Amino acid sequence: DAGVIQSPRHEVTEMGQEVTLRCKPISGHDYLFWYRQTMMRGLELLIYFNNNVPIDDSGMPEDRFSAKMPNASFSTLKIQPSEPRDSAVYFCASSLGGSGDETQYFGPGTRLLVL
Amino acid sequence: GESVGLHLPTLSVQEGDNSIINCAYSNSASDYFIWYKQESGKGPQFIIDIRSNMDKRQGQRVTVLLNKTVKHLSLQIAATQPGDSAVYFCAENFNDYKLSFGAGTTVTVRA
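Top to bottom, those sequences are chains A and B.
Going by my numbering, the first sequence opens with residue 1, and the numbers climb by one from there.
Going by my numbering, the second sequence opens with residue 1, and the numbers climb by one from there.
A portion of the hints provided could be inaccurate.
Stretch by stretch, here's where chain B covers chain A in the computed footprint (C-beta under 8 Å, at least three residues) [what the hints assert, rightly or not]:
| hint | segment |
| --- | --- |
| 1 | 18-27 |
| 2 | 47-58 |
| 3 | 70-83 |
Capping the alpha-carbon separation at 27 Å, the derived lysine-lysine pairs in DSS-like fashion look like this [unchecked claim]:
| hint | chain 1 | residue 1 | chain 2 | residue 2 |
| --- | --- | --- | --- | --- |
| 4 | B | K42 | B | K98 |
| 5 | A | K78 | B | K98 |
| 6 | A | K24 | B | K68 |
| 7 | B | K56 | B | K68 |
| 8 | A | K68 | A | K24 |
| 9 | A | K68 | B | K98 |
| 10 | B | K56 | A | K78 |
| 11 | B | K98 | A | K24 |
| 12 | B | K68 | A | K68 |
| 13 | B | K68 | B | K42 |
These aren't lab readings, by the way, just hints derived from the structure by calculation.
Predicted, not measured: the structure shown is a model, and the values here were computed from it.
Each residue gets a CB set at the ideal place from its N, CA and C atoms; glycine is no exception.
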């Protein structure tokens, strides 16, 4: 199994630009999670989906952030417009879900730097 | 508020010795706990998990202990190796499938 795939692995952009992060979950997993990791705040859950439907987006910092999951094998996290404080590592994770299957498997992350 | 926290932010251990990483949680409703390992430049990697109806679970060179009375979780690594150097996170689940992560403990293995 290829595991969770994220792209790009690194992104450098200028303030005000749109940034789109991509994720392909593990095949067959019904849950997809987006996290942000910073030194100050650690790992924070931004949003998660079940069967392509957003379930909880209470962690999304503000309206500049949006996430979609058009099908079971693809999700995007978009930041528009980006700001320097958005600089962080963004992780996507997926899990099988269901009783006894809550384990989340993480992708390698996208390292975002907003100048 | 309730949170998952780690007692020590760093741990230095001699190669070959056993390591113990501790974690305190405060949400009595949590019923599932996971330990993750994160190496530099990589995503968190699942190590081992335990449910609240258990107090001990063993894996390959790792053991997780759960003490619900004092809301304490620990990860024991036997015969620590250089490849065990990483940041270790505990996480708890108490609400649907959301995980709440602790701050992390940095483990450094001395040769």
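Against the structure shown, which of the earlier numbered hints fail to hold, in ascending order?
-> 1, 3, 6, 10, 12, 13
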